[in-house]
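One line per chain: the protein sequences are A and B, in this order. For the first sequence, the numbering used here gives the first residue as 15, with consecutive numbering after it. For the second sequence, the numbering used here gives the first residue as 15, with consecutive numbering after it.
It should be emphasised that the hints constitute simulated quantities derived from the structure, not laboratory data. Among these hints, one or two may not hold up.
Just so you know, same-sequence chains aren't split out, so a pair can sit in one copy or run between any two.
DSSO-like, lysine-lysine: derived pairs with alpha carbons at most 30 Å apart [what the hints assert, rightly or not]: (1) Lys568 x Lys272; (2) Lys522 x Lys224; (3) Lys522 x Lys171; (4) Lys272 x Lys614; (5) Lys245 x Lys133; (6) Lys412 x Lys133.
Protein chains: 2
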Amino acid sequence: MPCGFWGKILEVDLKAGTLKDIVISKDDYRKYLGGSGLAAKMLYGELDTDVDPLDERNPVAIMAGLLTGTIAPASSRHVMCARSPLTGIWDESAAGGYWGAMFRRTGYDGIIIRNKSEKPVYLWITDEKSELRDASHLWGKDTYESDEVLRTETENKAKTACIGPAGEKMVRFASVTHEGNESHSAGRGGIGAIWGSKNLKAIVVFGKKKIEIYNREKMTSDIKSDAEQIKELSVGMTAFGTAGGVVGVESWGDLPIKNWQLGSFAEGAQKITGQTTLTPEMYLDKHHTCHACPIRCGKSVKIDEGPYAGLRSNKPEYETLAGFGSNCMNDNWEVIAVANDKCNRYGIDTISTSGCVAFAMECYEHGIITDDDTLGLPMEWGSADAIIGMVDLIAERKGIGDLLAEGSARAAEELGGLAPEFVVDSKGMELACHDPRAFTSMAVNYATAVRGGCHLEALTYFYGRGKHLDDLRYLNEPRYNHGYEGSARLCYDFQNYMGIFNPLGLCKFLFPAEVGPKMISRWISNITGWDMDMDELMTTAERIFNLKRMYNFKLGISRKDDTLSPRILAEPRPDGWARGVVPYLGKMLSEYYQLRGWTKLGVPTVETLDKLGLS
Amino acid sequence: MPCGFWGKILEVDLKAGTLKDIVISKDDYRKYLGGSGLAAKMLYGELDTDVDPLDERNPVAIMAGLLTGTIAPASSRHVMCARSPLTGIWDESAAGGYWGAMFRRTGYDGIIIRNKSEKPVYLWITDEKSELRDASHLWGKDTYESDEVLRTETENKAKTACIGPAGEKMVRFASVTHEGNESHSAGRGGIGAIWGSKNLKAIVVFGKKKIEIYNREKMTSDIKSDAEQIKELSVGMTAFGTAGGVVGVESWGDLPIKNWQLGSFAEGAQKITGQTTLTPEMYLDKHHTCHACPIRCGKSVKIDEGPYAGLRSNKPEYETLAGFGSNCMNDNWEVIAVANDKCNRYGIDTISTSGCVAFAMECYEHGIITDDDTLGLPMEWGSADAIIGMVDLIAERKGIGDLLAEGSARAAEELGGLAPEFVVDSKGMELACHDPRAFTSMAVNYATAVRGGCHLEALTYFYGRGKHLDDLRYLNEPRYNHGYEGSARLCYDFQNYMGIFNPLGLCKFLFPAEVGPKMISRWISNITGWDMDMDELMTTAERIFNLKRMYNFKLGISRKDDTLSPRILAEPRPDGWARGVVPYLGKMLSEYYQLRGWTKLGVPTVETLDKLGLS
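Just need the whole structure built from these sequences, with the hints factored in.
Here you go:
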């Protein structure tokens, strides 16, 4: 085996109660790297389209990336992959912190979970042995409590990944929360619901093995200077994390406001942004970080006074600030922090949850949902009670929350009338909080992103605002906003580039620090001993993207599904920088398919698959 | 009662076997004119959204227009209105010939049919009495045969409207054929299936009453000069009817080719166009016309030699030439004529039928439909056997024809896979054969047309190619093709203007002869004695359009439904004049809603309804 990986996956059959090792060929590593790339390879081959995502036969793969837990900068991440209960298509959901690095030290590159246990269990993995243990006493407990009990029962330094009550109740966007109150979440697409459907409460890892590095000396020397650049270009991220972006994003017309209806939230943005809230005088408790990260964007927060006094939690990220803030017409940061904390405890995705809350508020305004449905909660725009209370209802599947727990698209179909007009999603996944009317390349991305309404598959709104490394400029010309020319190309390049992070286990915040594919291919070569250049890396990225598209194609996805909600396509913002814009999606899409080497129906051609070695 | 109308509607209860007269107030006539306007008023009030279109409780209204059967030019038409079995929303389907004028002479302005007869019946209406008669001996007979039997049983000069086997079998786009072999069809939306569901085979009319005209002298004098203009500007239409348009339409990139995939059909267009085929040396048998028409576009055709020798039929119209011709890659006019004749005999809409055949051909090419499904018919592009044979299968609901008889949208959903990519429709109605990628105003129209994929609600592709009357220029600036600026306005103006023809019973081919709302309002005033000016007429048009939108809104229609197929939105033509164009629909739609005074969700505001007297 080349350096950098172990070459084995732990396969767990929850029904039989058996654990065994699967060996991965080194060819597969080079072709798919690891993480979601390798998972796509494994899951594509065995995909049974007749198996419902919440059927026990739907496998879930929990994968370290190729570089996870190494000395590569920001190499903290692992990823969970399965057919999503929310969208019915490919899902991958990554998390940072220390769980991935610790898991790597057990000697595995991944886990594949099959079938359903009769009783609640957790999986305990060390570098010496792995076993399933009873988790009946944890069922019903939230993720913070579970983390404490699990570490008490195993090893205090162990790292936990566990579901909360929302996963147990199979909320379709239930997440997996890592390390308790530190709350690194594998958030999107409902992997937590799959765990729940399998009676899997937690995976706890503890290991001491060391990952071999091919050329440690060169790698150490390289990252010394690389980390300098990263630190230098991450000053804002280091100070406030993603929370520092609210004001800028608002000024570009990129921030969703009132369920994506309005164009400006200026004062409100000031009130909730990190610059205002994340200081020691306000709510900042302490900084924290993930494995091997020079950026250090993590912040713990505390509320000492007022109705929410006593809260100790991880900070709400940008998406959460926008989702429970502006998109619900709420400018009270404390309310967002409480909703965020609840989501982490229950184990539900803050983006989909806040999207469902904003959706419910608009339904309520139009009389589609009434006080009877909300069990008395007044779902008025900006209401603290509504926001916090609806998180409870969804996670506990009470009242209308039981329907919203199916996702806003399913809920709207059930509610009928005008309700479908208020859904802002792609392929059933609520859009992340970056507006494709502000950055039209994001329209192409949301329409074609492999897991649905996912911003992380492109992140093009980050692009073009600073000096850039040569290899990033190679990817494309500087960013495009409201026009459509060049947007398809920008999206194509960035989906490919962003597609290498989850296979490698790297954090995508390296990109705003101007880390490009050239630097990353150098890290890979240093660690594995491969001679992987930027071109091979980008071809690999394209291979993985196309494989996941084929996975979705098997599930019926084609051009007809590559679209966006009517609110985005036909309702321009009334004011602000993006005023009057709607994306010219069809035009960009037809260009995009050509760039991808797909048919005009959005299906990879045989030639394209051949070229990528996927035939 | 003012002149020009009788003020009563015949209400027929097929279950009870009773007939009675309903009196219409003169205020309603002024507010809704007649025809589909008055029908919308009646049917909106009693719409029960829980009643399926093929449930016996779905009423159908068969209405003369306000001017039908008068001396007004081209005042031949009547219209049938109901909730459509094809789309589930508002349907109105008009026909010319002499049926409407003859019906008017019985002393009625319309018929409303309710419930279902136990046995097949036909309705016999004269100016002296009306009755239901047994039609068991006609069930299974085609429309030509039925016409002959019915006239023998009643009165040779009576005019018949009847369904064929397709209506009896409730093909969802079954039509009502008038006057046998003359084949004036109320084609779109499946009114024939509703007749079938009610066991109503035919309505036969014969009357001698004369419609009173307020100022016959002025009307006679006016139309003398008006008819001159109409004749002068209709030379092409008089010579070849709509069949003369194929070559021009092809040159603009407006002709659908190979299920809307290609951009050019030049040689083929020459072969099937009227100029080539409708001469005495070729297939022209004789000219014919409708009531009071100076245009005289009707042609009978005959085939004397070859495999189809013996055919005597009405000519295929433009839509049929395009549908069974270029859109199926067929340039053999005789094949189109045979398919057309079959559609008229079976009683099925040629636009939806040919759309289903092209759809089936593309499914066959992709292996989604096989020879087992087609009972051995090779559904290859351009195949004569395929085209003619599939008309039989659909009308008789045999093999895959049974599924296609549900419409291409429903069929695609059932077939799954890529099939939905091959549907080209709006709201479940197959698009008429004018391409919204060539005339982008037609994109807004198809997306918002009240009955779905209907070209007749806008006809904007006719606009701006000749000198125009002042009042037509008042409507809008000259036409827009591939851009989007001005397209929403053009569509809005023309939907309003085109919306007065079915309420009045006038033929829309008056419009290419540059008859505008000013001239028409003069005719109305001459005939009724009202002082109706152009502005009142256009406000009335807008009132009727909004009432029908509200009918659809009750049925769940809003912005989310105002869209087009992915082939139209994201697949540009590869060559020809419209090469590279896809409509910027969302942009145009948001402008259109503003012009309409609708919310951004596509719903008329209370202010708009107030303004139009519809509160």
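Structure-based check of each hint:
no., hint, in the structure
1, Lys568 x Lys272, "between (36 Å within a copy, 26 Å between copies)"
2, Lys522 x Lys224, "within (24 Å within a copy, 81 Å between copies)"
3, Lys522 x Lys171, "within (27 Å within a copy, 81 Å between copies)"
4, Lys272 x Lys614, "between (35 Å within a copy, 15 Å between copies)"
5, Lys245 x Lys133, "neither (47 Å within a copy, 85 Å between copies)"
6, Lys412 x Lys133, "within (24 Å within a copy, 53 Å between copies)"
In this structure, the one hint that does not hold is number 5.
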